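When you get a sec, could you build the whole thing from the sequences and use the hints?
Respectively, the protein sequence lines represent chains A and B. Take the first sequence: its letters are residues 1 to 361, numbered as in this note's numbering. Take the second sequence: its letters are residues 362 to 722, numbered as in this note's numbering.
These aren't lab readings, by the way, just hints derived from the structure by calculation. None of the values given here were measured: they were computed from a predicted structure. Any given hint could turn out to be false.
No farther apart than 25 Å at their CA atoms in a straight line, the calculated lysine-lysine pairs in the BS3-like style are these [unchecked claim]: (1) B:693 / A:233; (2) B:691 / A:330; (3) A:312 / B:642; (4) A:224 / B:691; (5) A:35 / B:691; (6) B:673 / A:232; (7) A:312 / B:594; (8) A:232 / B:671; (9) B:691 / A:232; (10) B:396 / A:310; (11) A:35 / B:593; (12) B:594 / A:330; (13) A:35 / B:673; (14) B:593 / A:310; (15) B:593 / A:330; (16) B:407 / B:593; (17) B:674 / A:35; (18) B:396 / A:313; (19) A:233 / B:396; (20) B:407 / A:35.
Where chain A lies over chain B, by a calculated footprint (3+ residues, C-beta under 8 Å) [as the list claims (entries may be wrong)]: (21) 383–393; (22) 420–429; (23) 483–496; (24) 564–578; (25) 600–614.
Beta carbons: idealized from backbone N, C-alpha and C, even for Gly.
There are 2 protein chains.
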Amino acid sequence: MKDILLIPGPTPVPEDVRGAMFEDMIDHRGERFGKLLDRLQFKLKKVFMTSRPVYIFPGTGTGALECAVSNLFDRGERILSLSNGAFAERWIEIARRRGLEVDALEFSHGSAWELSEVEKALKNKVYAGVLMTHNETSTGVLNPLREAVYLIREISPDTLICVDAVSSLGGAPLMMDEWGIDAVLTASQKALMTPPGLALVAISERAFKKVLNLTPSSYYWDIKLADEYLNKKPSQTPYTPSLSLLYALDRALTMILEEGVENSWRRHEELARFLRSEVRKLGLEVFPKEECASPTVTAIRVPEPLGFAKIKKGLEERGVIVAGGQDSLKGKIFRVAHMGSVGKNELLIFINALKEVMGLV
Amino acid sequence: MKDILLIPGPTPVPEDVRGAMFEDMIDHRGERFGKLLDRLQFKLKKVFMTSRPVYIFPGTGTGALECAVSNLFDRGERILSLSNGAFAERWIEIARRRGLEVDALEFSHGSAWELSEVEKALKNKVYAGVLMTHNETSTGVLNPLREAVYLIREISPDTLICVDAVSSLGGAPLMMDEWGIDAVLTASQKALMTPPGLALVAISERAFKKVLNLTPSSYYWDIKLADEYLNKKPSQTPYTPSLSLLYALDRALTMILEEGVENSWRRHEELARFLRSEVRKLGLEVFPKEECASPTVTAIRVPEPLGFAKIKKGLEERGVIVAGGQDSLKGKIFRVAHMGSVGKNELLIFINALKEVMGLV
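In structure tokens form, the structure reads like this:
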């Protein structure tokens with residue numbers, strides 16, 4: 001039996017999706033590719049819940065974050081970051097390199113954003129944008145995105161709201177247009193159950209208007225250019241697209257839409273609840289509080305004196321692969337993802353293996 | 362029968378290479394991935410002819426060019442571009458966005474660099490770097506890279522020599538260490554016969570020393586970070602790698618090394634000669650002069666009054682896909698690639714189809 005891969009991305013890719021990559025190359029300036037790109041647009045819009053185009057770049061989630069700050073803001077603009085984990089911190093670094101002035105509003109790792117603090121910060125200074133990590137993969141925390149978006153829209157309506165949805169899109173509720181998000185950024189290898197290598201970027205109409213008046217610091221991540229090529233007949237990309245990965249994404253999106261996006265959200269939530277309850281039955285502690293525990297990745301405190309190395313190794317010997325903590329959480333937590341195609345059977349195997357490693361059976 | 366794809370990338374991918382992508386995801390922080398990355402390093406070094414690491418980013422050739430200027434130069438530094446086609450022009454745009462002062466030394470499209478002009482430019486001003494497109498895909502010209510590198514090294518030894526080898530590496534002679542090139546940049550989807558989506562970047566030791574003292578404008582393309590992760594045990598990448606494409610590249614590189622890199626160069630050269638001779642037999646004109654005609658892509662003047670649209674459509678009806686000219690060469694030339702896995706049989710089918718379209722049979 002092959003390993004049960006429960007790291008928070010890349011997630012296991014269904015056979016059908018991997019099989020789609022056996023198709024050979026086609027002309028990326030021709031009709032067939034144009035139709036593929038149009039079909040992907042149609043499907044991605046449903047998953048992003050937007051009427052706006054979704055730009056697809058050969059890249060990763062980190063690339064999507066860089067794309068947003070390269071296009072939406074100009075050097076010297078002031079940005080607020082809601083920061084409660086490693087991925088929020090990475091985005092701050094990306095934004096600073098682009099020459100933005102970033103104020104980091106920090107919350108403790110393992111907790112969600114406190115909206116009263118967000119309110120204070122927004123009343124204190126004017127921000128061109130807010131950077132928000134919807135699901136903080138490093139701590140297993142799902143932040144209250146909808147509430148935060150509504151709050152920002154009310155207090156500071158001109159601020160562009162940028163959301164890292166890398167480990168949430170498809171696995172947790174996110175409605176780009178209805179909530180009023182200006183940039184939704186994600187990648188192929190998490191809840192979209194496609195191999196890694198695609199960065200997905202959607203921006204609102206008002207954000208696009210601003211983009212039209214700026215020259216992005218990056219040519220590679222240029223949204224204006226991506227938009228121009230997407231509107232050609234046939235639809236295209238400015239440079240060679242990752243064809244094989246697009247074949248895979250096309251197949252995976254069909255599977256997601258067949259299930260229904262809301263059904264997928266619900267399935268992720270139920271699976272996460274199931275896992276947390278099983279974990280607690282073993283006497284273990286889920287790292288974040290219940291009310292902000294993520295539906296896509298569960299962070300568990302490492303039980304002492306067993307320690308992380310023994311858990312990791314013991315699980316691996318039983319064919320189960322989990323992830324450790326990052327940075328200051330190294331050795332303190334371990335993380336189990338339940339995104340995309342991961343189902344209850346995989347989690348049962350994990351729980352059973354964990355019991356064995358803990359000497360409970 | 363499936364279409365014969367003769368566009369200058371993506372090139373047809375052998376079945377074995379596409380089949381390698383059926384393998385499922387693995388932990389990109391684990392031992393198995395580390396071994397894959399080490400194996401890729403071993404093989405890539407042989408193809409790049411370097412003892413230096415070859416950094417692999419999820420991205421394309423355009424990304425590799427952006428990576429080089431983001432890391433090797435600081436805002437305000439002066440750069441010389443040897444420009445004789447669309448891809449050299451794209452690189453200039455990328456460099457200007459990074460804040461570099463670029464002098465473009467322009468040569469007519471369809472001709473190679475004139476070394477006497479390069480010499481004059483280098484004696485006239487001091488440049489931190491030179492940007493050079495080895496094989497100009499847009500015109501089918503192979504530039505005299507080796508001679509130019511030696512010249513620059515002699516006249517201006519501190520200038521960093523950056524080479525776009527996107528449509529040459531593996532298909533035309535290029536010896537990074539022996540010739541003394543500071544940055545070799547390429548992508549997966551041309552002579553390396555792997556699907557698009559991987560940017561490959563190797564830099565010399567002296568270039569790396571400069572990189573260590575700069576903060577790149579981009580986080581995504583950060584070479585320092587890529588190097589740090591490559592040196593971890595097990596070897597890693599800073600963010601999620603494009604696993605499926607790496608499986609494919611691993612397989613393709615084995616095929617290339619089994620043939621032998623020099624043998625691959627020779628095969629490309631012979632195939633190109635064969636095609637040019639066949640094209641001339643039809644009374645057609647090869648766009649560049651014989652002495653600088655590319656071994657990987659052949660540009661042919663569109664015969665009047667037939668016109669490009671009829672050629673393109675006629676070939677397509679016969680299952681053969683070629684590319685047109687770009688920008689000012691649109692409608693004036695068409696391009697046939699013979700890179701990677703394309704062989705004599707595919708070119709015979711093309712020639713026969715072209716004869717039919719031209720009404721010669």
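Status of the hints after comparison with the structure:
1. B:693 / A:233: Within the cut-off at roughly 21 Å; holds.
2. B:691 / A:330: 56 Å, violated
3. A:312 / B:642: Between residue 312 of chain A and residue 642 of chain B the Cα gap is close to 67 Å, so the pair fails against 25 Å, i.e. violated.
4. A:224 / B:691: 23 Å, holds
5. A:35 / B:691: 23 Å, holds
6. B:673 / A:232: 18 Å, holds
7. A:312 / B:594: 16 Å, holds
8. A:232 / B:671: Roughly 21 Å separates the two Cα atoms, so the pair holds.
9. B:691 / A:232: Since the Cα atoms of residue 691 of chain B and residue 232 of chain A sit roughly 16 Å apart, the hinted pair holds (cutoff 25 Å).
10. B:396 / A:310: Holds: residue 396 of chain B and residue 310 of chain A sit about 22 Å apart, inside 25 Å.
11. A:35 / B:593: 43 Å, violated
12. B:594 / A:330: Status holds; Cα separation ~16 Å.
13. A:35 / B:673: 19 Å, holds
14. B:593 / A:310: 21 Å, holds
15. B:593 / A:330: Within the cut-off at roughly 16 Å; holds.
16. B:407 / B:593: 22 Å, holds
17. B:674 / A:35: Holds, at roughly 18 Å.
18. B:396 / A:313: 18 Å, holds
19. A:233 / B:396: 44 Å, violated
20. B:407 / A:35: 39 Å, violated
21. 383–393: holds (count 9)
22. 420–429: Contact hint for the stretch 420–429 of chain B vs chain A: holds, 6 residues under 8 Å.
23. 483–496: The restraint on the stretch 483–496 of chain B is violated, since only 0 of its residues have a Cβ under 8 Å from chain A and three are required.
24. 564–578: Contact hint for the stretch 564–578 of chain B vs chain A: holds, 3 residues under 8 Å.
25. 600–614: With 8 residues closer than 8 Å to chain A, the stretch 600–614 of chain B meets the three-residue bar; holds.
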